[in-house]
Amino acid sequence: AQKITQTQPGMFVQEKEAVTLDCTYDTSDQSYGLFWYKQPSSGEMIFLIYQGSYDEQNATEGRYSLNFQKARKSANLVISASQLGDSAMYFCAMSPRGISGGYNKLIFGAGTRLAVHP
Amino acid sequence: EAGVAQSPRYKIIEKRQSVAFWCNPISGHATLYWYQQILGQGPKLLIQFQNNGVVDDSQLPKDRFSAERLKGVDSTLKIQPAKLEDSAVYLCASKGNNYGYTFGSGTRLTVV
Chain V
481 AQKITQTQPG MFVQEKEAVT LDCTYDTSDQ SYGLFWYKQP SSGEMIFLIY QGSYDEQNAT
541 EGRYSLNFQK ARKSANLVIS ASQLGDSAMY FCAMSPRGIS GGYNKLIFGA GTRLAVHP
Chain U
31 EAGVAQSPRY KIIEKRQSVA FWCNPISGHA TLYWYQQILG QGPKLLIQFQ NNGVVDDSQL
91 PKDRFSAERL KGVDSTLKIQ PAKLEDSAVY LCASKGNNYG YTFGSGTRLT VV
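Note that the protein sequences, when read in sequence, are chains V and U. For the first sequence, our numbering begins at 481 and goes up steadily by one. For the second sequence, our numbering begins at 31 and goes up steadily by one.
One should not assume that every hint holds.
Stated by the list, open to error - Below 25 Å or equal to it, Euclidean Cα-Cα: the simulated SDA-like pairs (lysine to any residue) are:
hint	chain 1	residue 1	chain 2	residue 2
1	V	Lys-483	U	Gly-58
2	U	Lys-74	V	Pro-489
3	U	Lys-45	V	Gly-523
4	V	Lys-483	U	Glu-115
5	U	Lys-41	V	Pro-520
Calculated from the structure, these hints are not laboratory results.
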C-alpha cells in the first residue's frame with residue numbers, strides 16, 4: 481500500500497529566507513507521480529509542483545523546487561525567498577501510474593503548517 | 031476555464047439528518063473524485079468516477095454514504111444518516127489528461 485509521511489506538523493521561517501518541507505513516501509510501484517499542494521485557510525487546494533518518478537531532473541516552478549531523491553523515497557519541497565502569503569498548510573501527495581499510463585487517485589500526507597514571520 | 035464548482039460552501043446539520051453536496055467539474059474532465067478532509071488531516075479519497083462509472087469506492091462508508099455521477103458530468107455526494115464524526119471538509123476534484131488535478135473550494139460540514 482502507498483503511504484506519504486510528513487514528519488513536521490509545523491514549521492516557521494523568516495520572510496525572504498528559504499525553507500524545506502519534508503516528505504517521504506512508500507510504494508512498490510515503479511511509476512508514480514509526486515505532488516505538492518498548498519491549502520490556505522480558505523480551504524482550496526492549490527497545485528504547486530509535480531515530479532514524475534522517471535524524471536531525472538528535479539522539478540522547479542518559480543520559487544518552488546522539489547528535491548527528489550528516489551533511492552531514499554523522499555520528495556522535499558523547497559520554497560525560496562519566503563513571503564508572508566506562503567503561510568498555509570502544505571500537503572505532499574503521490575499517485576501511482578495506472579496500466580494505461582494515466583494517474584489515478586492522490587494519496588496525501590498529514591500536512592505541514594508553515595508560518596512565515598516578518 | 032472555469033474551476034471546479036461545489037455547493038453549498040458550508041452546512042450545519044444535526045446528527046441523524048441527511049445532507050447532499052454537489053460538484054460540477056471542469057468541462058471535459060472525465061475523472062472526478064470526492065475527498066473527505068477531517069480537521070488536522072490530509073484529504074482521504076471517498077470515491078473516484080471515470081465518466082459515470084465508479085473506479086474506486088473502497089473507502090466509502092456505504093452504509094451511510096452514497097454518490098452518483100449521472101451523465102458523466104456533475105456529481106452528488108449524500109450522507110444519510112449523518113454522524114458526529116462526519117464533520118469535515120468534503121473536497122471535489124476533477125482531472126483531465128496528464129497530472130492536472132483541480133480541486134473545488136470544498137464544503138465544510140458540521141454535524142451537531
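> Taking 25 Å as the top limit, are the C-alpha atoms of Lys-41(U) and Pro-520(V) close enough?
Replying inline: 20 Å, holds
> Hey, Lys-74(U) versus Pro-489(V), does the alpha-carbon distance stay inside 25 Å?
Replying inline: 18 Å, holds
>> Tell me if the straight-line CA distance from Lys-483(V) to Gly-58(U) falls inside 25 Å.
In response: 30 Å, violated
>> Lys-483(V) and Glu-115(U) were given as a pair; does the straight-line alpha-carbon distance stay at or below 25 Å?
In response: Satisfied, since the Cα-Cα distance of roughly 23 Å is no more than 25 Å.
> Are the Cα atoms of Lys-45(U) and Gly-523(V) separated by 25 Å or less?
Replying inline: 24 Å, holds
Hint 1 from the list above is the single one not met by this structure.
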